[in-house]
Amino acid sequence: MIQIEGIGNQTGKKFWRSLNELAATPKFREWMVQEFPEGANDLLDTGSRRRFMQIMAASMGLAGLTACRRPVEKILPYAKGVEGLVHGVPQHYATVMNVAGQAQPLVIEAIDGRPVKIEGNRKHPLSNGAANAWAQASILSLYDPDRSQKVLEKGKASTWEAFEVAAKGTFAGDGEGIRILSGTVISPTIAGLRSSLAAKHPKAKWVEYEPINEDFALAGAELAFGDRLRPHYSLSKADVVVSLDCDFLHLDNPGLNVIRDFAKRRKAVDSAVPAGHAADHKPADHKAGEIAAGVHKVDEHPMAPPAGHELAVAAAPAADAAAPASPFADASTINRLYMVENHFTLTGAQADHRLRLRAADVQAFAADLAREVAALPQGLKILGQSDKFIAALAKDLLAHKGRSLVLAGPRQPAIVHALAAAINHTLGNIGETVSYTRPGRESAAVGITELAKEIGAGQVKTLVVLGANPLYTAPADLEFAAKYKSVATTIHLGFEVDETAAASTWHLPESHGLESWGDAVTSDGTLSLQQPLIEPIFKTKSAIEVISLGLGLTTSAYELVKAQSKLADPAWRQALHDGLVAGSQVTPSKPAANPKAVEAALSAAPKAAAGLEVVFFPSASLFDGRYANNAWLQEAPEPMTKIVWDNPAIVSPKTAKELKLEEGSVIVIERGGRKVEAPVLVQPGHADNSVTLSLGYGRTSVGRVGTGVGYNAYLLRTTDAMGFGTGVTISRSPRTYALVTTQEHHDQAGRPVVREASVEKYKEESHFASHEDAHVELIQLFDSFDYSKGNQWGMVVDLQSCIGCNACLVACQSENNIPVVGRDQVSKGREMHWIRLDRYFTGTEDDPEVVHQPMACQQCENAPCESVCPVAATVHSPEGLNDMAYNRCVGTRYCANNCPYKVRRFNYFNWHEDLEEVGKMVFNPDVTVRMRGVMEKCTYCVQRIQEVKIAHKIDGRKPIQDGDVLTACQQTCPAEAISFGNINDPESAVSKMKKNNRNYTLLHELNVRPRTTYLAKVRNPNPELA
Amino acid sequence: MGLKFSKKSDRILRTVLVMVGLGVIGGASTLYYATLPITLEPGYQPKQPVPYSHKLHAGNMGMDCTYCHTSVLKAAYASIPPTQTCMNCHSKVKEKSVVLEPVRASWASGESVPWVKVHRLPDYVYFNHSSHTNAGVSCVSCHGRVDQMVEVKQVQTLAMSWCLDCHRNPAPNLRPAQFVTKLDWKPEGDAAALGREIIAQKGINPPVNCSGCHR
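Going down the list, the sequences are from chains U and Z.
Mapping the first sequence onto our numbering, position 117 (from 1) lands on 106, and the numbers just tick up by one.
Mapping the second sequence onto our numbering, position 8 (from 1) lands on 1160, and the numbers just tick up by one.
The hints are simulated quantities; they were obtained by calculation from the structure and are not laboratory data.
The reader is advised that the hints may include incorrect statements.
[Stated by the list, open to error] Using 20 Å as the maximum straight-line C-alpha spacing, the simulated EDC-like pairs for lysine to aspartate or glutamate come out as follows:
no., chain 1, residue 1, chain 2, residue 2
1, U, Lys63, Z, Asp1275
2, U, Lys69, Z, Glu1253
3, U, Lys112, U, Asp250
[As the list claims (entries may be wrong)] Residues of chain Z placed beyond 12 Å of chain U at every Cβ, according to the derived structure:
no., residue
4, Arg1166
5, Val1170
6, Val1172
7, Gly1178
8, Tyr1185
9, Lys1207
10, Asp1216
11, Val1251
12, Ser1290
13, Val1292
14, Ser1293
15, Gln1300
16, Ala1323
17, Pro1324
18, Ala1343
[Unchecked claim] A few chain U positions that, by computed beta-carbon distances, are all more than 12 Å from chain Z:
no., residue
19, Arg111
20, Trp149
21, Thr494
22, Ala552
23, Gly716
24, Gln814
The beta-carbon is built from N, C-alpha and C at its ideal position, and this holds for glycine as well.
From just these sequences and the hints, can you work out the full model?
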């Protein structure tokens, strides 16, 4: 590691980013000291000198010809004007879309009739304006040139008319031998059509299958309550949260409201420490010189209001702020999260205590915990090494009856869900922190198992697959691909020509959610409406249209949806405007669990076998594989591993040592005669004897982006191991494979860039974060510009609430036309993301803690990049923005070299060169599309700032209010971790955040005066487990 | 040993060198001036698919600019009108005219009339009509006396230095907002004094930093 004298992590924890960094291997050092990675300047295909001369000669010739006259551009206005449409002015429409299997309420921005940006629906209680990375990225899929565009009959191009003729013969009679397979039906209109189908063809059957599903949760509820109920969590009321392998903040997230509620309780830590706390003024860490020239220093605001932040105040009763200091006094403000999991998830990264266990051992842990809190009839004194953890956890839970919550993850078997329900029941949490609704749907896995059996028995003559891809996602032991081919007529409606499409008699192209009418019920039961923003770009139809076609209906999808909603104007128009039918959510029930039934089920449940296990997670990028052809998601680094364009097999350092594996080894994972080859990633904090695989990769037919990326973990996933399975053997393949990760790019050389403390330390030393600043004299080289007037933009990122989920990264990519560079280019350090999420480990290799830190241009007032630019392409605006004029940049890269935060990105190539016309439609017309040789970086979404400024100018020059300008990252953040606004306005949210005790400036000692500051993280560990 | 070159050849060489030098300088200067916006841009007058006369419509008949360019006071683009706007009158007036055939064809088929763009800014420039017209910058400041042009011609360079001249000293180009589309409007007193008054009254402070126009 490079050591800079006088600068180092003197007071805080030591953070590291990879095992290589922790061990400080020579290779890592070499990689780190180079500003631009080796080979970053080289062309990928080093053509010959002769070829170079040819190309240059040709381009000179062309340049000479084209420069003679200016290009003629045409203006093509509408023939008939469109009401309400003004050229270049964005329009917003509310809709709902199936995002990763869930109905997500959205608002879409369209410019000149072209959807360009997806946001969450502010009016919908589930979203409150937030959207996740999958929702943000689905705009790219709309314009994917690899989308399915034509009807295919046995692989050959056909037409909808030909299919219609064929369908008439197929859908006749009583429906004998007709089966319909779809994903989980969340649309009431499709459910209505399903009833019509059952009436018309009574012998036809409808099967639902989702590879990522809630089967175990529903089955667990049946064990505990005798009814298939779905849990709903109120994280805002839970002081103690125990997650049994449930990544509820990310991959197992049941709704974005859960993240928001959780984050509010994390931010509530500020109510435990009044601002200007006595312990603060202890000058031990300070030297006179440091204070002399510091700007935005929290110490300058000793009278800052407590908590400083309206959300924090709202979440915590005011009385708690003055509560006496006892071990649990603060628990009523900040919550405490215990996580039990095999694989380091984003929820695990937020945990105050994390116990790494094999997924198979979670059941025994849950049973022990249930006995310890007396949730089961047979109380039992527990034994074993996790004794102390369980005892402390149980004590904490019992001290928070009615204010605690136990969650079970969807990979865990039904009994774990039943045990969680029994514990919640005993603690009086049901009705407080968790309540239940009845989803009224079939169990997915049983459905497809039965279907496979029926096909095997020759009972299925026609199989219609609506939007699902069972040949890729079905459990491997069903041998679904072979069975599918034995069905006489198979009809597949799909967004891509995928694995199932290739094997079907008929393949029908499916419309995108932004091209079709529909509806959906969000997880809280609210009926939400889906309206199209654009005519289908290709000749595609939605599931509703295809079913109506099969039923011979002549009504349009719009009429069907409107009829299903039972709304008439003006209520219908209001519902369309809002995107939801107000007040339609279901009132959840408070069922009583039956501990005796749970006890009986527990004794009947099989015990976990020892040895290696394999665990299946949905991918953070591709989910179950449906986003495989989405390049934004492929290139979004996986939040914990920071791997792009791949899915490794993740093991713990200890298991890697035992099996003699290292990073890049390729292993053969074998279970029940099935084999998968995968590259190894050694992940600190992973459970021993456990291998985690991501589903969704290894697609064989999807498009140019996703085909052949990673390995297919579904090949190991069988009906007896939908979540995880034991009895695994691992052998080493002679092959090696280099995984591409961004975790070691842009290193910060051991300086305290992330700062963290416990609640105890925070109480003692409320300004611990700024106290970690290096003690150097800050010298101003030039006279400062006067930033005291007008709008002065600033940002605060709260590390306490950031969960590292990538939503901001994809939102930024969408808003700012950021290119995708591909796997090889990322390996050379050429990724283009303007905002990155740095993931830091702290602690031991086996049991580390993790902090995520979003990092974008810090908009320094004394910007080091500006002083080295030879052509003044990056200069300061009077509003404190570090402006970037792309058309001036000549590409010296001096600015990137001189940036202490490593946030500038260089276009080594013309990344947009090969885009097809339809792919260009995704660009935001308000942002320049950069070309080769140009530097770029975060602009604080200056196009949004200018839009609001101009609008206010026209509207009688009104001053801009706090909240009028939202950056793309801030708008979409489900945890509300980013504040942005005018720091000259003392009442703005961002000004209040800057007065927060936890506020600190990155690399304060450089005196570059960044406009972005951070709020340090505070964890709330249980003193008994210290 | 005789001389390989005569004494004259030295003079010839010098002359040639001077000629080449002058040629290079001359060529470079010609190229420089030939490619300046002031040489290239003003005077551009492409042929339009329909010989629409602004002089007739806006000048002689006195139609306001905003009748067709509807969003010039409200949005970034002034908008080229849809064919529908032409047909408002031309379904009754000159409905048989030969030159209007492309307009009628567009109205019948729904295809656009392919107007040729006259005033062209690079893609990295984000010019907003509404912020200028609302501040009191008239159409005439950038587009000239369109009401006297039979076919529209570019009169200004639209170069960055030209933009900045006004952004640094907006006063001469400002007028009360209600007169922005009156192309022949002249202030009664001192134009610059009136401009300064408008600046003070509206708090006009045009951006001269990069992100004002480049995003």
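Structure-based check of all given hints:
1. U:Lys63 / Z:Asp1275: The hint holds at about 14 Å.
2. U:Lys69 / Z:Glu1253: 16 Å, holds
3. U:Lys112 / U:Asp250: 17 Å, holds
4. Arg1166: 32 Å, holds
5. Val1170: 28 Å, holds
6. Val1172: 21 Å, holds
7. Gly1178: The claim holds: Gly1178 (chain Z) sits with its nearest Cβ about 19 Å from chain U, beyond 12 Å.
8. Tyr1185: Consistent with the label, Tyr1185 (chain Z) stays out of reach of chain U, its closest Cβ about 15 Å off (over 12 Å).
9. Lys1207: 20 Å, holds
10. Asp1216: 18 Å, holds
11. Val1251: Holds, because the least Cβ-Cβ distance between Val1251 (chain Z) and chain U comes to about 18 Å, which exceeds 12 Å.
12. Ser1290: 16 Å, holds
13. Val1292: Answer for Val1292 (chain Z): holds, closest chain U Cβ roughly 20 Å.
14. Ser1293: 18 Å, holds
15. Gln1300: 22 Å, holds
16. Ala1323: Non-interface label on Ala1323 (chain Z) holds, nearest chain U Cβ at 18 Å vs cutoff 12 Å.
17. Pro1324: For Pro1324 (chain Z), whose nearest Cβ neighbour in chain U is about 20 Å away, the distance exceeds 12 Å, so it holds.
18. Ala1343: 22 Å, holds
19. Arg111: 24 Å, holds
20. Trp149: 23 Å, holds
21. Thr494: 38 Å, holds
22. Ala552: 31 Å, holds
23. Gly716: The assertion about Gly716 (chain U) holds, with a minimum of 58 Å to chain Z.
24. Gln814: 24 Å, holds
The structure agrees with every numbered hint stated previously.
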